[in-house]
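Novice: Chain by chain, the residues:
Protein chains: 2
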Amino acid sequence: MTELDSNLPIGVFDSGVGGLTVLNALRKAMPNENLIYLGDTARVPYGTKSSVSVVKYAEQAAAALIERDIKLLVVACNTASAVAIEPLQSLYPQLKVMGVVGPGAEASCKVSAEGRIGVIATESTVKNNAYQDAILRLNPSASVTAQPCSLFVALAEEGWHSGELVERIVAECLQPLTSQVSDHLDTLVLGCTHFPALKSAISHVMGDDVVLVDSAETTAAAVEKSLVESNLINKQPGAGDVRFLVTDGPERFARVATNFYDEEIQLPEIQLVDIQHFKVP
Amino acid sequence: MTELDSNLPIGVFDSGVGGLTVLNALRKAMPNENLIYLGDTARVPYGTKSSVSVVKYAEQAAAALIERDIKLLVVACNTASAVAIEPLQSLYPQLKVMGVVGPGAEASCKVSAEGRIGVIATESTVKNNAYQDAILRLNPSASVTAQPCSLFVALAEEGWHSGELVERIVAECLQPLTSQVSDHLDTLVLGCTHFPALKSAISHVMGDDVVLVDSAETTAAAVEKSLVESNLINKQPGAGDVRFLVTDGPERFARVATNFYDEEIQLPEIQLVDIQHFKVP
Chain A
64 MTELDSNLPI GVFDSGVGGL TVLNALRKAM PNENLIYLGD TARVPYGTKS
114 SVSVVKYAEQ AAAALIERDI KLLVVACNTA SAVAIEPLQS LYPQLKVMGV
164 VGPGAEASCK VSAEGRIGVI ATESTVKNNA YQDAILRLNP SASVTAQPCS
214 LFVALAEEGW HSGELVERIV AECLQPLTSQ VSDHLDTLVL GCTHFPALKS
264 AISHVMGDDV VLVDSAETTA AAVEKSLVES NLINKQPGAG DVRFLVTDGP
314 ERFARVATNF YDEEIQLPEI QLVDIQHFKV P
Chain B
64 MTELDSNLPI GVFDSGVGGL TVLNALRKAM PNENLIYLGD TARVPYGTKS
114 SVSVVKYAEQ AAAALIERDI KLLVVACNTA SAVAIEPLQS LYPQLKVMGV
164 VGPGAEASCK VSAEGRIGVI ATESTVKNNA YQDAILRLNP SASVTAQPCS
214 LFVALAEEGW HSGELVERIV AECLQPLTSQ VSDHLDTLVL GCTHFPALKS
264 AISHVMGDDV VLVDSAETTA AAVEKSLVES NLINKQPGAG DVRFLVTDGP
314 ERFARVATNF YDEEIQLPEI QLVDIQHFKV P
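Chains as they are written, first to last, in my numbering: chain A, 64 to 344; chain B, 64 to 344.
Relax, there's no trap hidden among the hints.
Quick look at which bits of chain A chain B covers, simulated, 3 or more residues with Cβ under 8 Å:
#1 112-126
#2 210-218
#3 225-236
Reference excerpt, derived from the structure (chain B facing chain A, CB under 7 Å, subset only):
#4 A105
#5 S113
#6 A217
#7 R231
#8 G312
Please keep in mind that the hints were generated in silico from the structure rather than gathered at the bench. Backbone N, C-alpha and C define an ideal beta-carbon position, used for all residues, glycine too.
Chain A extracted, bound-state conformation:
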């Protein structure tokens, strides 16, 4: 790895398109930063895969980004953040590795009035207790209820975002949580980067009293803070390039991305890469 230089891009990876909600937030907070985004579309989704596999996939994605020289690595996937931050950080001690679970947990503790926090995420993230543990570390008296909602990933990708039918599906999935509203569940963490696409439906179902927390913005703020502290903010005029790498299907990526990303992605901006052959320790 070359020495870190403020002109280098921030590397961002996700299992597929969901992390583009984090990319949006990074773009908005730091429009002058160069970014490389990798979507592991060849193996998406991660949320129903085992921790062992998710760590391996994360290590391969990180290797592909680091090969291209980056100054900071953002794991923009909750499932991977839940299990792979520590292994990645010890593999690459010179590089700051940041996930979305920590910032999401922090944000939920900040906004939660009474510490009665719900978390919705993929099966793998919930099983891992990542959010539960992170929230309880910050607020040991919090009460945390986590609910897997794997179906939301497919809904978000297929463009089923709102409307009466979507709200009925969301209500059915959230039923174990809504039955707790009487116990003053006051905050709900959207613990999967796909879920902001369903935000309005989730909000309708949960009711106005429940604050929804999406870790994208707080992650972007944490990344900016880290770059400032390490004097790595890009000061080159006219920077702000974004490049995309995918491990499968650039056409589908460009199409499904419109459900998650604020800018249009042109096909020639997307490079197809193979990362499955990377040997990881």
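Please arrange chain B on chain A, whose structure you already have, making use of the hints.
Specialist: Frame of chain A, contents of chain B only:
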């Protein structure tokens, strides 16, 4: 590869659990056959992946099964059957390779009174025109309408099989097809091995006049015919073993399998294997 022996198992692979509906049919038709089933749960689903990736994954799955000695290979996944049968057959000319698309197309042509056939499948299978081409080869005057229903895969895996809400979701997805009922769509092919789990909901939505075709049984019949012709039927008394290989998460596989497989799968029967490192031509 050793010489083919009738005592060898039939190799069956699928992207995950869906192919277990084909395994059911094989068990029922030929209870004395040994079977090895491989579910590529590390990369499931195939239905939203590119043809290039699906062919590569199929070649790696086939290599893992052939390494274990099999007498016939069944591609129990519609998406892989749509693109990988020819590449696999030319890679392994001594071994009979059979998919589910051919038998499914054949069955639909047999039962369709007027040749107005609908096909529901994953995005990748539909895009590939696999069923459309196979049906038109058998009945050039047929009219074929294909509709991607990727959402059904998640519904089937999450155990959302029946009930009023499931029927509403199914109705919404099938709307492009049901609007054709007035044009006498008489047959509907369930062109994804996950879809039989939703059979009753699909049938309710399509109405009694539309015959549903599930390729599992016709595939099993075609496999039996091929084994008889090549004198490879297992005549060893007391055979009928079933082994399972998965590329990720044996626990999840055993749990989700109950939605698709008639027998209970015990965890020790499932072996975890890594096939991603297999170099394919």
